[in-house]
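Can you make the complete structure from the sequences, with help from the hints?
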Amino acid sequence: MKISINGKQKDFPSNTTVHDIIDSLDCIPETFVVELNQSIIPPETYNTSCLVEEDTLEIIRFVGGG
Amino acid sequence: MLTIGGTTFTSRLFLGTGKFSSSKVMKKVIEASQTEMVTVALRRVDLDNPEDDIMQALDMKKYTFLPNTSGARNAEEAIRLAKLARAASGSKWLKLEVTPDPRTLLPDPVETLLATEQLVKEGFIVLPYMNADPILALKLQDVGAAAVMPLGAPIGTNQGVLTKFQVEIIIEQARVPVVVDAGIGAPSHAALAMEIGADAVLVNTAISIAGDPVAMAKAFAKAVEAGRSAYESGLGMQSQKAQASSPEKGYLTEDLGFLS
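Chains as they are written, first to last, in the working numbering: chain A, 149 to 214; chain B, 9 to 268.
Just so you know, these hints were derived from the structure itself, not from any lab.
Any given hint could be a false lead.
To be verified - Footprint (simulated), chain A over chain B, 3 or more residues, beta carbon under 8 Å:
1) 16-26
2) 45-52
3) 74-86
4) 95-104
5) 210-217
Every residue gets a Cβ at the ideal spot worked out from N, C-alpha and C, and that includes glycine.
Structure follows, in C-alpha cells:
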C-alpha cells in the first residue's frame, strides 16, 4: 500500500503499523512526534495504529531555530 | 529578577539555537551565555538523512524550552505547530511566530493576535513575536500573552533596534514583560534595548554567525547586564545645550588677571 511519509510516497505491506515504520528508520522515538492524517498520535498507540492505503504520516522533531 | 509565565529568570538574555555550525558549538555557546531560556524550531525528520539530533545537546531540565512556530504562515498552521511542540516536549511555552512573507519574515499582526487568543485558551504560555506596534502589543496583552516580543529589525538582519521609538512606547504601556527579539546584531544593540527598559532580549544570528560564537555569547551576556544596570541606575537626561563637567568657578584666569 502507498503511504505518504513526510511528503514522500513510499510502499509498505498491508498491516504495517506506525511502530513498524518508526523502527525501520534510524531515529530515537522519544525525540519526535508523529501526526497521522493530521492528528497527533501518542507513542502508546504506535503499536496498534495499523496504516491503510493513502494514509499520511508526518514525523517531526525539534531542530535549531531562533 | 524577571518573571514570565510564573518562571523566574536571572539572565535577561534568551538564546536562539539556529544556524550554529554544530550541536557541539551550540552547547558551548548556551553555557557561555548563561541563558536560562532557549528557542527551538520544529521540522520534518529527513528520513534519508537523519542528522545530529539537537536534543542530544540540550538538557531540557536545565533550560526553559521555548519552541517556536517558525514556518507558520497563518494562525491555523501556528496552532498546529504549537500542538506538535507541546506533544514533543511536554512544554506549555511557545514563541508564536507567524511569518507569511519569506522576503521580510515580518509577523502577520492579525493572524498572530488570533493565534495568541486561541493558544492562551488552550493553556499555552504564549510569547508572540510581533512588529513593534504599540497598539498591537496592548491587544496581545488583552488576550493573555505572557510577554510581548517586538522586533528590533527583521530576523537575521543584525541591524539593531531600528524600532527604538515604538519599543519605548510599548515598554511604557506594557503590563507584561517586553522582550526585544530579532535584529539585534551586536552587544551594543542589546545594551541599548536594555537601557530603554526592555525586560530581556532574544538573540540568535548575531551569536551563531559570529567569528567566535562562544566569545560573542559572553560579550552579549555582559552587554545585557550592563544595559539593565544602567536602566536601573537611572540614566541622566540628554541635553541639546553643552553643560560643563568641571567646576565653573575658580578658573586660573580669574586669579591671573594680568594675562588678559
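Against chain A, does the segment 74-86 of chain B show at least 3 residues with beta-carbon separation below 8 Å?
Coverage by chain A holds for the segment 74-86 of chain B (3 residues, Cβ < 8 Å).
Verify this for me: three or more residues of the segment 45-52 of chain B with a beta carbon less than 8 Å from a beta carbon of chain A.
holds (count 6)
Three-residue Cβ test at 8 Å for the coverage of the segment 16-26 of chain B by chain A
holds (count 3)
Please check whether the segment 95-104 of chain B has three or more residues whose CB lies within less than 8 Å of a CB on chain A.
holds (count 3)
Tell me if chain A covers the segment 210-217 of chain B under the three-residue, 8 Å CB rule, please?
Per the Cβ count (3), the hint holds.
Hint compliance for this structure: every hint is met.
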